[in-house]
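Asker: In case you want the letters, here they are:
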Amino acid sequence: MIMDSLTPYLLLSAGLFCTGLMGVLLRRNIIIMLAGVELMLNAANINFVAFWRFHPSSEEVSGLAMVVFAIAIAAAEAAVGLALAISIYRHYRSTNPENMGDLKG
Amino acid sequence: MWFEELLITIKYYLVLQMPGSLQPVGSAFLSSLPIMTSFGGLFALATLLERKMLGRIQNRYGPNRVGPGGLLQPVADGIKMLTKEDIVPKNADHLIHFLAPLGLLVSAMLGLSVIPFGHRLIALDIETGILFFFAMGAASELAIFMAGWGSRNKYALLGALRAIAQMISYEIPLILSALSVLMVVGSLSLSDVAQAQSGGIHTWHIFTPWGFLGCILFLISTLAEINRSPFDIPEAESELIAGHMTEYSGFKYALFFMAEGVAMFAMCALTATLFLGGYHAPLPILSFIPGPVWLFGKLTSLVLLFIWIRGTMPRLRADQLMEFAWKFMLPMSVVNLIAAGVWVALDGGVAAWILSGLLNCVAYFGWSRILSQASRFNPRTYRYAEEAGVSK
Amino acid sequence: MSLFFTITALITMASAIAAMTLRNLVHCVLCLTVTFAGIALVFLQLGAEFIGFSQILVYIGAVSILMLFALLMTRGGTELTLKRWDPVHWITGTLIGIAGFGVMSFAIFNSSLRQSKIPEAKADSLHALGNSLLSQYVLPLEVMALLLTVALIGAALIALPEKKVFRRNASFSKNQESGNK
Numbered sequence: 001m002i003m004d005s006l007t008p009y010l011l012l013s014a015g016l017f018c019t020g021l022m023g024v025l026l027r028r029n030i031i032i033m034l035a036g037v038e039l040m041l042n043a044a045n046i047n048f049v050a051f052w053r054f055h056p057s058s059e060e061v062s063g064l065a066m067v068v069f070a071i072a073i074a075a076a077e078a079a080v081g082l083a084l085a086i087s088i089y090r091h092y093r094s095t096n097p098e099n100m101g102d103l104k105g
Numbered sequence: 001m002w003f004e005e006l007l008i009t010i011k012y013y014l015v016l017q018m019p020g021s022l023q024p025v026g027s028a029f030l031s032s033l034p035i036m037t038s039f040g041g042l043f044a045l046a047t048l049l050e051r052k053m054l055g056r057i058q059n060r061y062g063p064n065r066v067g068p069g070g071l072l073q074p075v076a077d078g079i080k081m082l083t084k085e086d087i088v089p090k091n092a093d094h095l096i097h098f099l100a101p102l103g104l105l106v107s108a109m110l111g112l113s114v115i116p117f118g119h120r121l122i123a124l125d126i127e128t129g130i131l132f133f134f135a136m137g138a139a140s141e142l143a144i145f146m147a148g149w150g151s152r153n154k155y156a157l158l159g160a161l162r163a164i165a166q167m168i169s170y171e172i173p174l175i176l177s178a179l180s181v182l183m184v185v186g187s188l189s190l191s192d193v194a195q196a197q198s199g200g201i202h203t204w205h206i207f208t209p210w211g212f213l214g215c216i217l218f219l220i221s222t223l224a225e226i227n228r229s230p231f232d233i234p235e236a237e238s239e240l241i242a243g244h245m246t247e248y249s250g251f252k253y254a255l256f257f258m259a260e261g262v263a264m265f266a267m268c269a270l271t272a273t274l275f276l277g278g279y280h281a282p283l284p285i286l287s288f289i290p291g292p293v294w295l296f297g298k299l300t301s302l303v304l305l306f307i308w309i310r311g312t313m314p315r316l317r318a319d320q321l322m323e324f325a326w327k328f329m330l331p332m333s334v335v336n337l338i339a340a341g342v343w344v345a346l347d348g349g350v351a352a353w354i355l356s357g358l359l360n361c362v363a364y365f366g367w368s369r370i371l372s373q374a375s376r377f378n379p380r381t382y383r384y385a386e387e388a389g390v391s392k
Numbered sequence: 001m002s003l004f005f006t007i008t009a010l011i012t013m014a015s016a017i018a019a020m021t022l023r024n025l026v027h028c029v030l031c032l033t034v035t036f037a038g039i040a041l042v043f044l045q046l047g048a049e050f051i052g053f054s055q056i057l058v059y060i061g062a063v064s065i066l067m068l069f070a071l072l073m074t075r076g077g078t079e080l081t082l083k084r085w086d087p088v089h090w091i092t093g094t095l096i097g098i099a100g101f102g103v104m105s106f107a108i109f110n111s112s113l114r115q116s117k118i119p120e121a122k123a124d125s126l127h128a129l130g131n132s133l134l135s136q137y138v139l140p141l142e143v144m145a146l147l148l149t150v151a152l153i154g155a156a157l158i159a160l161p162e163k164k165v166f167r168r169n170a171s172f173s174k175n176q177e178s179g180n181k
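Protein chains in written order, with my numbering: chain A, 1 to 105; chain B, 1 to 392; chain C, 1 to 181.
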């Protein structure tokens, strides 16, 4: 079931992180950009859990605690971010971040 | 005890007859087969029971033509559903439309796997059983969205969005009221929760101040979570045809119907496990009757209660439903959590009884008085993401 | 390589890439849900039951549903976002992603962490996690509770309809926009 090497987990995490990054860079919809950010946070969580599993001590659970905090913060971020997206849509009638240049000089 | 041991022995005997590589799969299969068959049969009986009871409540006979006293009505319904044409709308998102009923039924069935049906009689005895149960409940929300969105029908979409909004709102009091039990038991595993109530009827959690209020809150949230009357606005026939099931016919519709039934049984079984002593007998003398019999008895009485409520209560309005969830259920479940905390801190006893009971009573009467003075059936108000008439 | 992990990783990566490239936005979010489920499976394979089920509960049950609601409320459900196909934009973005992955995998393959051996199964991680959350990490836990409350109230406040004053400005900026076009 479990791999005896850390490398595959780290590679999966790096791949997901870069996919999320690409999503943030490429897409032109705030909601999908937010989804990319969520994906990046999740990729980091894989690392935390993998490091916890490969730590020799059985009492050490900082990795898991970090993931609990990360999940909670990501949920709060998603709630506020999506509320902002809806609010912005009401104002500009668009979810394309390029249309939000009112403060551009 | 003997019945559970007998079942477990039979299972191990059968598993040992298999070739070595097949044993894990065979063990999982043998654990899930009784659950799936018994709940499938129970579902068939419950549909008949529901129609019969609703008929009696409404002063008519209910189905009585097929078989003796209408007993074979579920078989006739099943044959009718199977032979009906399966219609998929032309513009529907075919894959999503196809996956939705399957996802709903699978997530409902998976929830049953962590319910202890007897001593050691549990398909998946994991440390975090109740979390698994709620995670599966959360996955069913997504299936409902897929059904509503994949159908390309505005009634289906509206019904799905109503269902999801309602399920998310009522999930919070649901989990918070279950949390009070977990706090007192000190474990997330449902077999531990059932074991904590093994000493007879006085150890059941419903007979404590926090357990009583928790059980009522849990049952109300359960009604909303499984979209049953009086919280059945997602599939309100008079407004939305059949909600997210509008564009489904034939066997897929039957799958939806079955998923709802199984979800109802799963929630009732969880209620019985959390508050009503699970598979334990009310008196230690009666414990020669096998555990599954007790659990199914409790489960069936809760289902009868739900049918009774369905026959009695009028349907709520969408805004009343949300107001009830956020302004009443949520504060009450938080207060109940504090009451359970008082109970844990004082370690049971008379003082804990009085204190946590007083806390619940004061909060209940005080808050309902404030709420009833604040709102006297306000007229319905509408709010949109965008103002009407601007975008068109 | 363990077969189960390979399959999970492949499905997770494929659905993540689909989520970031598909045209239909609802399909994007549904694919993202598959990714979240795959990540939860990875957590379960690593033996972190609590985290895995929390992941399903929070991400599949709440975050993706929120995203779908936001998509439908902003009329993004059937809209094609890639109307203006800009090859330079896409090539640059993809190159940055691939370069980032290259750098990270270089770092992974050259790190000493690769030699770390897996210990025997972790016993009773749930109790250890609970104890450390309420002793060592009790202050972050409280701060997190505060953060979630603030986020709840803040999200509700932000999503409230705008006041009249701001709305006039909005129509002004819209006029300006159409004037520019």
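Just so you know, the hints here were simulated from the structure itself, not pulled from any lab data. Check each hint, because a few of them may be wrong.
[To be verified] Interface residues of chain C toward chain A, partial, derived using beta-carbon atoms under 7 Å:
id, residue
1, L10
2, A14
3, L32
4, L71
5, G102
6, F106
7, I153
8, G154
Built from N, CA and C at the ideal position, the CB exists for glycine as well.
Asker: Now look at each hint and say whether the structure bears it out.
Answerer: Right, here's what the structure says about each hint:
1. L10: violated (10 Å)
2. A14: violated (10 Å)
3. L32: Since chain A brings a Cβ to about 5 Å from L32/C, closer than 7 Å, the hint holds.
4. L71: holds (6 Å)
5. G102: It is violated, given that the least Cβ distance between G102/C and chain A is near 9 Å, above 7 Å.
6. F106: violated (10 Å)
7. I153: At 10 Å from the nearest chain A Cβ, I153/C fails the 7 Å test, so the hint is violated.
8. G154: holds (6 Å)
Going down the numbered hints, you'll see the structure goes against 1, 2, 5, 6, 7, while the others check out.
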